[in-house]
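Novice: Spelled out, the chains give:
2 protein chains.
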Amino acid sequence: MVRGRISRLSVRDVRFPTSLGGHGSDAMVSAGYMGARACGPSYSGVVCAVNALAHHVLNKDLKDIVGDFRGFYRQLTSDGQLRWIGPEKGVVHLATAAILNAVWDLWAKQEGKPVWKLLVDMDPRTLVSCIDFRYITDVLTEEDALEILQKGQVGKKEREEQMLAQGYPAYTTSCAWLGYSDDTLKQVGATALQQGWLRADLLVKNLFLQMMDANQRWDVPEAVEWMSKLAKFKPLWIEEPTSPDDILGHATISKALVPLGIGVATGEQCHNRVIFKQLLQAKALQFLQIDSCRLGSINENLSVLLMAKKFEIPVCPHAGGVGLCELVQHLIIFDYISVSASLKNRMCEYVDHLHEHFKYPVMIQRASYMPPKDAGYSTEMKEESVRKHQYPDGEVWNKLLAAQEN
Amino acid sequence: MVRGRISRLSVRDVRFPTSLGGHGSDAMVSAGYMGARACGPSYSGVVCAVNALAHHVLNKDLKDIVGDFRGFYRQLTSDGQLRWIGPEKGVVHLATAAILNAVWDLWAKQEGKPVWKLLVDMDPRTLVSCIDFRYITDVLTEEDALEILQKGQVGKKEREEQMLAQGYPAYTTSCAWLGYSDDTLKQVGATALQQGWLRADLLVKNLFLQMMDANQRWDVPEAVEWMSKLAKFKPLWIEEPTSPDDILGHATISKALVPLGIGVATGEQCHNRVIFKQLLQAKALQFLQIDSCRLGSINENLSVLLMAKKFEIPVCPHAGGVGLCELVQHLIIFDYISVSASLKNRMCEYVDHLHEHFKYPVMIQRASYMPPKDAGYSTEMKEESVRKHQYPDGEVWNKLLAAQEN
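Residue numbers (full-length UniProt numbering), protein chains in the order written: chain Y, 1 to 406; chain C, 1 to 406.
Check the hints yourself; a few may be wrong.
To be verified - The calculated label-pair distances, taken between Cβ atoms and stated as ranges, are:
#  : chain 1 : residue 1 : chain 2 : residue 2 : range
1  : C       : T141      : Y       : R74       : 36 to 46 angstroms
2  : Y       : R74       : C       : N406      : 25 to 35 angstroms
3  : C       : S7        : Y       : R217      : 30 to 40 angstroms
4  : Y       : P221      : C       : G4        : 53 to 63 angstroms
5  : C       : E356      : Y       : E395      : 47 to 57 angstroms
6  : C       : D393      : Y       : N398      : 28 to 38 angstroms
7  : Y       : V2        : C       : P17       : 32 to 42 angstroms
8  : C       : L343      : Y       : N59       : 24 to 34 angstroms
9  : Y       : A403      : C       : T141      : 40 to 50 angstroms
10 : Y       : N51       : C       : S10       : 15 to 25 angstroms
11 : Y       : K283      : C       : G112      : 52 to 62 angstroms
12 : Y       : V2        : C       : L401      : 32 to 42 angstroms
Said to hold, decoys possible - Straight line, CA to CA, 27 angstroms or less: simulated BS3-like cross-link-like pairs of lysine-lysine:
#  : chain 1 : residue 1 : chain 2 : residue 2
13 : C       : K255      : Y       : K310
14 : Y       : K255      : C       : K283
15 : C       : K255      : Y       : K255
What the hints assert, rightly or not - Partial list, derived from the structure: chain Y residues whose beta carbon lies under 10 angstroms from chain C:
#  : residue
16 : V47
17 : A49
18 : L82
19 : K89
20 : H93
21 : Y135
22 : V220
23 : I247
24 : K277
25 : Q281
Since the hints were derived computationally from the structure, they do not count as laboratory data. The C-beta atom is built at its ideal place from N, Cα and C for all residues, glycine as well.
The whole structure should be built from the sequences, with the hints applied where relevant.
Specialist: Written out as structure tokens, the structure is:
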């Protein structure tokens with residue numbers, strides 16, 4: 001039952017001063033503006049772009065949007081005035097994702113289901129009608145997608161029960177951010193151990209070398225050289241060894257490292273399905289890390305999950321930021337139940353930050369994401385948190401900015 | 001002699017209502033905001049981003065910026081708060097280009113030379129010190145670049161004289177925009193003929209099929225199918241046959257079309273040197289179309305010109321928009337004199353729009369760009385034009401927006 005018309009789009013710039021503590025800061029990206037990744041809240045550039053796209057969604061019936069979701073997606077990404085500052089990348093694409101994430105949240109709430117369940121219960125033809133296949137038909141046609149989803153119906157019920165009972169395996173990256181001192185590292189490491197984060201099946205000698213992350217620091221030859229030296233620590237993967245745009249570079253690195261037992265993981269900064277398509281075509285990655293807010297929402301992520309299935313590459317979502325864990329859990333639980341039907345070499349990132357600001361925060365049990373039960377996409381923030389952290393007028397920023405001036 | 005400190009950055013949102021007449025509108029992009037491509041003027045999203053980057057440039061000595069231009073480029077593209085909404089793509093990269101274009105304009109004015117001449121006279125080591133080689137060393141190292149530039153010194157003087165006497169060959173795309181009616185098409189076609197735009201060396205039966213442009217409309221199999229059918233018209237190239245992000249797709253298309261005598265041209269929407277690097281590695285294009293405002297200004301374009309030289313692929317710059325012709329002529333004239341040393345299969349796009357708003361408009365003679373003689377990067381707009389077209393308060397927009405409301 002889908003009803004109602006969209007009469008208002010509220011865009012609010014909510015920021016958390018995480019960069020002051022070094023949380024979430026890696027070698028290349030400071031986390032100060034990560035709020036932009038969550039559903040509503042958005043960094044000012046993204047706010048501009050959301051407002052510029054607003055006319056596509058205002059005064060539209062929700063029924064008409066989701067009834068031709070592929071067409072609506074195409075409409076947003078083909079906006080004549082905005083396409084040239086993308087296309088389908090950067091700020092405009094983040095804005096597209098923000099709008100579509102809100103639409104999915106609304107749709108699932110009307111259906112009275114969490115998004116993962118909405119997706120799991122949807123018939124394959126409707127699922128496929130949400131996907132824009134433009135630019136990927138050389139790898140995945142509508143028919144291919146249907147076939148994959150139809151195969152995924154087998155054993156679906158059992159996998160759903162399994163998820164509800166055991167959850168989806170997670171791994172934590174709360175332990176080792178670059179901004180942390182040695183003491184902080186020891187402390188969060190010990191806490192992670194206590195909380196059961198060291199899963200027997202993932203345990204290697206050194207927690208911090210289990211998976212390595214280069215945060216785009218290296219050129220291609222450097223990445224091969226460094227990782228060949230570090231191979232003795234047996235990392236499962238090297239994440240973002242070079243520029244996220246360098247498909248052929250990732251392919252060269254994979255070719256060198258796979259024989260050493262090291263996989264290449266990338267995706268958190270891959271800007272659309274065209275990049276993921278090529279990473280798969282070029283055998284450039286062994287672990288595919290989708291992001292719930294960088295790609296064009298669920299619509300585009302669906303196409304990536306299906307392409308990954310076709311190439312039999314495990315999806316291990318990126319999370320962290322503000323609300324990324326809340327959102328991406330829906331996608332990966334759907335992926336297991338309806339697409340991949342496998343947990344082999346799969347796990348979902350988890351970062352223990354800022355969940356307290358969400359109305360429906362993730363629930364982690366025994367190092368697993370437990371499927372959310374509340375209707376929607378778990379995107380809603382608490383009104384008080386939004387109010388306090390709104391930039392630049394919220395209480396938190398008022399104080400911080402005043403302190404800076406003194 | 002470089003001197004002075006940058007004390008103010010003026011960012012103004014100047015727009016021309018070109019989309020009302022269909023000028024510059026292709027199948028995918030309306031031209032309403034193309035002003036953002038010119039140096040100063042910028043669409044509001046880009047304005048936000050320029051302001052967010054401003055602190056890197058304010059109160060800096062010009063001498064320190066250009067004295068470590070590679071470092072300054074890296075500083076802008078590595079901004080911790082902005083990198084994640086790129087990196088090096090979309091709105092933030094357009095903003096980087098806007099700032100750096102202004103810096104080059106200033107530098108050349110201080111040296112009393114047009115930018116092309118500043119570049120031609122610069123010694124190879126200094127030129128190389130402007131380039132950030134991050135992510136391209138697997139194809140072009142600093143040493144490779146130096147070697148190319150040193151070879152380019154031979155015959156430089158003669159080529160400069162040749163350019164000053166004859167100019168750089170141009171081709172016009174003013175004749176066939178999608179928004180034009182049949183009558184308008186006939187009329188602009190006839191005018192182009194009279195103006196000598198039909199160069200003997202480019203002439204084929206049908207002006208409008210000489211080069212074809214798909215404006216990203218096709219998927220890979222569609223592009224091959226269509227162009228195989230259209231091969232009988234013997235187009236020199238097919239431009240933007242598919243997504244600008246699809247390196248492997250362009251390679252597949254090239255492989256199918258080159259035997260039919262059709263080249264693949266792309267680049268106006270390629271967002272950085274990493275994409276160009278891969279297009280060259282994959283043999284995915286036969287004509288490389290740089291854009292003066294999409295890439296990170298001259299600094300990044302230098303690296304692309306040098307990579308193209310290494311792969312012996314002709315550069316045929318994209319132009320049009322607002323001020324793109326004014327800027328890109330400097331790059332291509334430098335390319336001929338100091339890098340490629342060849343005019344074979346090379347020409348620079350020209351569109352006859354909006355030049356009247358620039359202080360130092362391009363000069364076209366006998367279908368060629370005549371090298372600018374005024375100092376700077378030809379980026380400056382007339383103050384009156386800026387005032388009238390400023391969005392939303394300029395006279396032109398005031399009237400248009402008021403008319404819309406009535």
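Novice: Now look at each hint and say whether the structure bears it out.
Specialist: Structure-based check of each hint:
1. About 42 angstroms separates the C-beta atoms of C/T141 and Y/R74, a value consistent with the hinted range of 36 to 46 angstroms.
2. Between Y/R74 and C/N406, the C-beta spacing of about 32 angstroms keeps the proposed range 25 to 35 angstroms intact.
3. Restraint check, C/S7 to Y/R217: a C-beta distance of roughly 35 angstroms satisfies the suggested window 30 to 40 angstroms.
4. A C-beta distance of roughly 40 angstroms is found between Y/P221 and C/G4, which places it outside the suggested range of 53 to 63 angstroms.
5. In this structure the supplied range 47 to 57 angstroms holds for C/E356 paired with Y/E395, their Cβ-Cβ distance being about 52 angstroms.
6. Restraint check, C/D393 to Y/N398: a C-beta distance of roughly 30 angstroms satisfies the suggested window 28 to 38 angstroms.
7. Take Y/V2 and C/P17: their Cβ atoms lie about 38 angstroms apart, and the range 32 to 42 angstroms holds.
8. In this structure, C/L343 and Y/N59 break the distance hint of 24 to 34 angstroms, their C-beta atoms being roughly 55 angstroms apart.
9. Checked against the hint of 40 to 50 angstroms, the C-beta distance between Y/A403 and C/T141 comes to roughly 47 angstroms, which is consistent with it.
10. Between Y/N51 and C/S10 the beta carbons are some 24 angstroms apart, a value that agrees with the proposed interval 15 to 25 angstroms.
11. For the pair Y/K283 and C/G112, the supplied restraint of 52 to 62 angstroms holds, since their beta-carbon distance comes to about 54 angstroms.
12. The beta-carbon spacing between Y/V2 and C/L401, approximately 36 angstroms, falls within the hinted interval of 32 to 42 angstroms.
13. For the given pair, C/K255 sits about 25 angstroms from Y/K310 by alpha-carbon distance, which is consistent with the 27 angstroms threshold.
14. Distance hint between Y/K255 and C/K283 is fulfilled; the C-alpha atoms sit about 20 angstroms from each other, no more than 27 angstroms.
15. Our distance criterion of 27 angstroms between C-alpha atoms is met by C/K255 and Y/K255, whose separation comes to about 24 angstroms.
16. This hint holds: Y/V47 has a C-beta 8 angstroms from the nearest C-beta of chain C, less than the 10 angstroms allowed.
17. Restraint check, Y/A49 versus chain C: the minimum CB separation of about 6 angstroms is within 10 angstroms; hint holds.
18. With its C-beta approaching chain C no nearer than about 8 angstroms, Y/L82 sits inside the 10 angstroms limit, and its interface hint holds.
19. The interface hint given for Y/K89 holds, since its Cβ lies 5 angstroms from the closest Cβ of chain C, which is under the 10 angstroms cut-off.
20. The closest approach between the C-beta of Y/H93 and any C-beta of chain C is roughly 8 angstroms, which is under the 10 angstroms cut-off, so the hint is satisfied.
21. A cut of 10 angstroms between beta carbons decides the hint on Y/Y135: the least distance to chain C is about 4 angstroms, and the hint holds.
22. With a least beta-carbon distance of about 4 angstroms to chain C, the hint placing Y/V220 at the interface is held under the 10 angstroms criterion.
23. Using the Cβ-Cβ criterion of 10 angstroms, the hint placing Y/I247 at the interface with chain C is satisfied: the shortest such distance is roughly 6 angstroms.
24. Taking 10 angstroms as the C-beta contact cut-off toward chain C, the hint placing Y/K277 at the interface holds, the least distance being around 8 angstroms.
25. Proximity of Y/Q281 to chain C holds as hinted, the smallest CB-CB distance being about 5 angstroms (cut-off 10 angstroms).
Hints 4, 8, counting from the list given before, are not met by this structure.
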